[in-house]
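K.L.:
Sequence:
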Amino acid sequence: MKTRIMTLTFALLLSSLTAEAQLDRQGLKKNDVEACLTETKVKRPAPGVAPTPEDRQKMDACLRKKGVMRKETPDPKREAFKKAVDSCLVENGIPMPKDATPPSEKERSIVEACLTKKGFGPPAKAKKK
1 MKTRIMTLTF ALLLSSLTAE AQLDRQGLKK NDVEACLTET KVKRPAPGVA PTPEDRQKMD
61 ACLRKKGVMR KETPDPKREA FKKAVDSCLV ENGIPMPKDA TPPSEKERSI VEACLTKKGF
121 GPPAKAKKK
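Per the numbering used here, residue 1 is the first one in the sequence shown, and the count goes up by one each step.
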């Protein structure tokens, strides 16, 4: 009897850990995300590449229908940085990128200089332990 109770307890613990492992870093269920990618015909962006606003809207709408909401944690620093980048692009006549094409070295240096003037310096280097 003790062995059976321990086995059931272990099985319950294992199933809860497995269920938690099915959540991605935003708390979304992976199978819901995969289903929405298929249903909306949205292609998964490459790692480090943000989805287009249209693709994000399609995915968010699909996930909402499934009762899954993406965690929104607005970051004021990130929003200020985005506005500064947009401002630097406009001020310097650099067109807003329409896809994942990286800027030219000249455009990059112009935007970096503009961001520095606006108080956004290069990211701090991680300290080695």
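The reader is advised that the hints may include incorrect statements.
[Unchecked claim] In silico DSS-like pairs for lysine-lysine, Cα to Cα no more than 25 Å straight-line: (1) K29 x K83; (2) K83 x K65; (3) K29 x K82; (4) K83 x K30.
[Said to hold, decoys possible] Taking CB as the label site, the calculated pair distances span: (5) A35 x E112: 14 to 24 Å; (6) T116 x P45: 27 to 37 Å; (7) A113 x K29: 40 to 50 Å.
Worth flagging that the hints you see were computed from the coordinates, not collected in a lab.
The C-beta atom is built at its ideal place from N, Cα and C for all residues, glycine as well.
K.L.:
Evaluate each hint against the coordinates.
P.N.:
Each hint tested on the structure:
1. Among the hinted pairs, K29 with K83 is inconsistent with the structure: their alpha-carbon atoms are about 32 Å apart, more than 25 Å.
2. Under the criterion of a C-alpha separation no larger than 25 Å, the hint pairing K83 with K65 is inconsistent with the structure, at around 31 Å.
3. As the CA atoms of K29 and K82 are separated by approximately 29 Å, the hinted pair breaks the 25 Å bound.
4. As the CA atoms of K83 and K30 are separated by approximately 32 Å, the hinted pair breaks the 25 Å bound.
5. The given range of 14 to 24 Å is broken by A35 and E112, whose C-beta atoms sit roughly 41 Å from each other.
6. Between T116 and P45 the Cβ separation comes to about 29 Å, which falls inside the hinted range of 27 to 37 Å.
7. Range check, A113 to K29: Cβ separation about 44 Å, and the 40 to 50 Å hint holds.
Comparing the model with each earlier hint shows violations of hints 1, 2, 3, 4, 5; every other hint is respected.
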